[in-house]
Structure formats: C-alpha cells, structure tokens
Amino acid sequence: MMRALTILTVIAALACALSLAVGSVTIPPGDLWQVVLGQGDTLDRTLLIDLRLPRTLSAFAAGGLLAIAGALMQVLLRNPLADPYVLGLSGGAATGALLAMLAGAGMVLVSGAAFAGALFATLLVFGLAHGTGSWTPSRLLLTGVVTAAGWGAAITLMLAITPAHQLPGMLYWLMGDVSYARLPWPSIVVLMLAVIALLPLARSLNVLARGPLQAAALGVSVRPLEWSIYLLASLLTATAVTSVGSIGFVGLIVPHMLRLVLGNDQRVILPASALAGGTLLVLADTLARTVIAPEQLPVGVITALLGVPTFLYLLHRSR
Amino acid sequence: MTILSARELIIDIPGRSNGAKLNLDLAPGQIWGVLGPNGAGKTTLLHTLAGLKAPRCGEVWLDDVELAAIPRREMARKLGLVFQDRQDSFPATVLETALIGRHPWLSVWQSEQAEDIHRAEAALGALDLRELGERLLNTLSGGERQRVAIATLMTQDPAVWLLDEPTNHLDLHHQVQVMRLLSACAHREKGIFMCLHDLNLAARWCSHVLLLYPDGQACWGPTESMLVRDALEGLYDQKLIELNKDDIRLFAPAND
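So the sequences go chain by chain: A and B.
When you line the first sequence up against UniProt numbering, it's residues 1 to 319, in that order.
When you line the second sequence up against UniProt numbering, it's residues 1 to 256, in that order.
Careful, some of the hints might be misleading.
What the hints assert, rightly or not - Chain A regions said to be covered by chain B (calculated; three or more residues, Cβ under 8 Å):
id: 1; stretch: 77 to 89
id: 2; stretch: 200 to 214
id: 3; stretch: 255 to 268
Unchecked claim - Rough simulated footprint, nothing fancy, chain A against chain B, three-plus residues with beta-carbon under 8 Å:
id: 4; stretch: 71 to 81
id: 5; stretch: 89 to 96
id: 6; stretch: 99 to 106
If you are wondering where the hints come from, they were derived from the structure by calculation, not from laboratory data.
Predicted model, so just to flag it, every value in this text is computed and none were measured.
Built from N, CA and C at the ideal position, the CB exists for glycine as well.
Could you build the full structure based on these sequences and the hints that come with them?
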C-alpha cells in the first residue's frame with residue numbers, strides 16, 4: 001500500500017517538474033533546481049513562479065479533485081460507470097458559467113456561477129431521486145443521466161443564441177481549459193482537506209461497496225455516510241469545475257485504472273486517485289500547450305485522447 | 001439466559017394481515033430453524049431481528065436492551081447476518097471479503113492487525129477456503145461464495161448468528177460441514193437462528209423450530225414436538241412420508 005502511494009508520489013513530482021520545465025522557453029533541470037533553491041536568474045523565476053507554477057498546481061488540484069469525486073460516486077452508486085459528469089454536475093456548472101459569460105460577467109463571477117450551478121445540479125438530482133422516499137443507486141444514476149441531457153440541451157441553446165465573438169471563450173470553457181486558472185490555492189487546500197477527511201471513512205466505504213444492507217449489518221450508519229459522500233463529491237467537483245472548466249474522463253478513468261492495478265481498498269484508492277488524477281491532468285495540460293505551440297489545445301480533448309485507449313487496454317487485459 | 005428475544009413482534013409485510021405475535025427467546029447454545037414456504041416472511045423476519053427493517057409492532061431485544069437503542073457498531077459486535085443475496089459490484093479477493101467481518105471491531109483509525117488476518121484465515125480454513133484466499137470473488141462458484149459469506153460472519157464473531165438459507169448452493173458434503181460448524185459454534189455459547197428449506201437438516205441439527213405460514217400465522221418450540229408430519233404437510237401444502245433410520249428422522253415428498 002505505502003509502496004504504491006510512494007511510486008505515485010514520485011511520478012506526480014516528476015510530472016510537475018516536466019510541466020514546469022517545458023513550454024515556449026524550455027528550462028533545463030539544473031536551472032529548475034536553482035529556482036527551487038531560491039536562486040537562478042530573475043527571468044526564469046518570473047516564468048516559473050508567476051506563470052507556470054499556478055497553472056501546474058491548478059491542473060494537479062483539479063485532476064485530483066475530479067478523480068476522488070469519481071471514486072466516491074462509484075462506491076456510492078456501486079456502479080463503476082458513475083462519475084460527476086454522468087450525474088449532470090458538470091452540466092449544471094457549465095450552464096451557470098455560460099449564463100454568466102452571456103451576461104458579460106468577468107472571470108470571478110463566471111467561477112461563482114459555475115460553482116452555484118454544480119451545487120444546484122446536485123440538489124436537483126438528489127431532490128428528484130429522493131422524491132417518494134426510496135433512494136436506490138439505479139434511480140439516482142438515471143435521474144443524473146436525464147438531468148445531464150437537460151443541461152446539454154440548455155448549453156446548446158445558449159451556444160446557438162450567443163454572438164459569434166463570444167463563442168470561442170465558451171467553447172474553450174466547455175472543453176476544459178487550465179489557462180484561465182490563476183489561483184491554485186483554494187483547490188489545493190480543498191484537495192488536501194478532502195484526503196484527510198476521507199481517510200477515517202475509507203474502511204466504512206469498503207464495507208459500503210458491498211451493498212447498504214451488508215454495510216448496516218457490519219455496523220455502518222449507511223444513510224448519514226451516503227449523504228456525506230454525495231455532498232463531499234459534489235463540493236469537490238464544483239471546486240474543480242470552477243477552476244478549470246468542464247474536463248471529462250478523469251473521474252471515470254483514474255479510479256477505474258487504479259482499481260484494476262491496486263484492488264478496491266478505498267484507503268489506497270482515494271489518496272492514489274488524488275495523486276494519479278493530478279498527474280494525469282498535469283501531463284495532459286503540458287501536452288495541450290506544447291503539441292501545436294504557440295496554439296493551445298483544450299485539455300479536455302487530451303484527457304479523452306489519453307484516457308479512452310488506456311481504459312480500453314486495461315479493460316481488455318483484465319479479462 | 002436469553003441473548004435475543006422478540007416480544008409481541010409482528011413483521012411488516014405489505015398487504016398482509018397481522019397474524020401471530022411472535023414471542024421468541026434465543027439462548028446461547030440453541031440452534032433455531034425457521035421453516036416456511038416461499039414468501040412466508042422468513043427473510044423479513046431475519047432482517048427485522050437484525051434491526052435492518054422496522055417491525056409493524058412489537059420489539060426486539062438484544063442482551064436486555066431494545067434493538068433501536070443500540071448504536072449500529074455495537075450491535076454489529078453482538079449480532080451478525082448472512083444474507084441470501086450479495087452484491088459484488090467491485091472486484092475483491094476472498095481474504096478481503098472475510099476481513100470486512102472485523103469492521104465493527106476496529107476504530108476508524110485502526111487497520112486490520114495480524115490477529116484479524118489470523119481470524120479471517122482460520123474462518124476460511126474452517127470452510128475449506130484457505131487455498132482460495134487470493135482469488136477474486138467473481139471467479140468463485142455459487143457454493144464457494146456462500147461459504148465465503150459464512151466465513152465472513154465467523155470472522156465477525158458475534159454472539160448471535162442470523163443466517164438466511166446458509167446451505168443454499170452447497171453440495172451435500174459442505175451442507176453437513178456448515179451444519180456441523182454451526183452446531184460447534186452453538187456449543188461455544190453462540191445463538192444460531194437460520195432460515196432453512198431442508199426439513200432433514202432442520203430435523204437433524206436444529207434444537208428449536210419456528211414454522212411460518214404465508215398468512216402470518218406461526219408456531220414454535222423444540223424440534224421434536226414441532227417437526228411432525230401433519231404440521232409440515234399443512235405448512236408446505238405437500239404430502240410427505242416420514243422415515244426413521246438409526247435415530248435420524250427423514251422427510252420426503254410422497255407420491256400423490
């Protein structure tokens with residue numbers, strides 16, 4: 001267990017270093033180390049600390065948040081296909097963000113609207129699925145899928161009536177874009193708090209993965225645990241979406257890949273998801289801004305292009 | 001001494017009239033068998049006794065405390081349940097599955113210690129599963145999975161064992177092995193309460209029997225006085241023949 005987490009930590013550190021070193025100006029490892037030590041020339045320092053570091057940290061935090069949120073949703077719904085995107089959370093966030101953009105709001109308001117949209121989507125799915133009392137995973141999943149389709153329609157409608165000059169910004173937001181992220185600390189703090197808060201719950205989540213009745217028979221207070229997990233996963237998604245826009249596949253693929261390799265002990269999977277999700281998004285963002293530099297690709301395209309074949313390969317190998 | 005008792009209990013089955021109020025006392029060393037046709041409410045009774053389903057009226061008491069007043073974790077240390085159906089949505093090994101039986105005994109910050117793993121391995125050994133410890137659950141046969149579930153309850157080690165058709169999917173040898181194991185546990189002061197469909201297993205291993213009728217009526221008592229051919233024929237609506245051989249009573253369906 002510790003070995004897997006150590007390896008993932010090393011890989012995450014290497015990915016961050018790579019992401020800092022590569023770009024319009026490539027900084028050799030020696031100079032990178034000088035800056036870490038607080039030396040090096042001022043141009044390198046400005047480039048690294050003011051421009052690349054916030055972006056790298058934002059990407060890492062968002063990837064970690066999305067992967068943990070996916071892992072939690074999958075245990076909650078006992079369905080490996082669940083993730084915040086399937087449940088319509090990102091659709092709600094995107095609708096909020098696009099509404100704000102359409103109204104001509106600035107980036108801070110757009111972020112706030114995205115956060116509000118994600119939480120509203122959560123409450124909507126929860127309220128509708130809870131309606132007549134019974135709260136089954138399949139019902140929650142179906143409610144999520146249907147509301148996600150609704151959000152999709154709302155987004156298409158807004159794109160159709162938006163003046164042409166505003167479209168590129170919106171499309172980039174929808175495809176996920178780390179380049180706007182300038183304030184990584186809230187996401188980093190939320191990520192660290194989430195990992196710490198989840199560690200004592202992880203064994204209970206292992207039991208919950210066996211079904212709610214079995215969990216109750218083994219001493220788990222099922223309903224309070226389910227509520228806290230759902231709210232926490234929504235909060236993590238909202239935080240991630242707010243900082244980097246709508247990025248798919250991280251929440252679905254990272255926990256799944258880790259489970260195929262490490263088994264399904266949440267005490268390992270949750271911290272491992274934070275590390276691997278962060279690494280994936282950092283690498284994807286590095287690719288996105290270097291492949292056709294100086295142009296930038298939306299990072300969501302890269303996560304999908306990296307994620308889908310990896311996922312299919314692992315699924316194929318495990319059979 | 002009683003460890004689990006039902007007082008004036010009526011289980012909640014939608015659309016059914018109240019029927020008989022159950023007053024059951026399970027003492028350490030006893031093995032109770034619940035017999036009844038499909039849909040009589042055997043599983044509902046078990047879930048009600050485990051506090052997983054509220055009764056329509058009446059109470060369940062565990063160690064002289066009402067079940068509703070006991071925190072879940074504390075309850076799980078005293079009372080465990082083998083379910084009839086199990087969900088295996090995620091891959092898990094046999095040993096991991098047996099180890100979740102230790103969940104109620106560990107605090108939130110603790111992880112399984114050598115002693116817990118030892119207990120789980122001993123339970124797997126008692127059910128002929130020691131060799132399968134690292135196998136994934138979804139690669140096992142139905143009977144093997146049934147034995148893993150019983151091993152999980154054994155690892156949990158509560159005072160009251162509730163089992164929903166524990167011999168389901170088991171071959172003849174393992175049926176006998178499981179009944180012997182339960183009987184040995186009863187000798188170690190556990191109280192066993194299980195649903196069964198096999199009259200011959202009940203006749204041979206159970207100390208007490210509860211007959212549950214589809215209309216909610218019920219009667220219960222020591223096995224010798226309850227397992228009589230007339231009552232069983234009425235219970236299952238099936239003609240039976242009774243055989244006695246070397247002090248073993250056997251029931252079989254009669255030719256119409």
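Within the stretch 77 to 89 of chain A, is the number of residues with a Cβ closer than 8 Å to a Cβ of chain B three or more? Check passed, 3 qualifying residues.
Can you tell me if the stretch 255 to 268 of chain A counts as covered by chain B, using C-beta to C-beta distances under 8 Å and a minimum of three residues? holds (count 5)
So is the stretch 99 to 106 of chain B in contact with chain A by the C-beta rule, three or more residues under 8 Å, or is the coverage claim wrong? holds (count 5)
Are there three or more residues in the stretch 89 to 96 of chain B whose C-beta lies closer than 8 Å to some C-beta of chain A? Three-residue rule met by the stretch 89 to 96 of chain B, so holds; n is 6.
Count the residues of the stretch 200 to 214 of chain A with a beta-carbon closer than 8 Å to any beta-carbon of chain B: does the count reach three? That given contact holds, which follows from 11 residues of the stretch 200 to 214 of chain A lying within Cβ reach (below 8 Å) of chain B.
With a cut-off of 8 Å between beta carbons, are at least three residues of the stretch 71 to 81 of chain B near chain A? Result for this restraint: holds, n = 8.
Comparing the model with each earlier hint shows no violations; every hint is respected.
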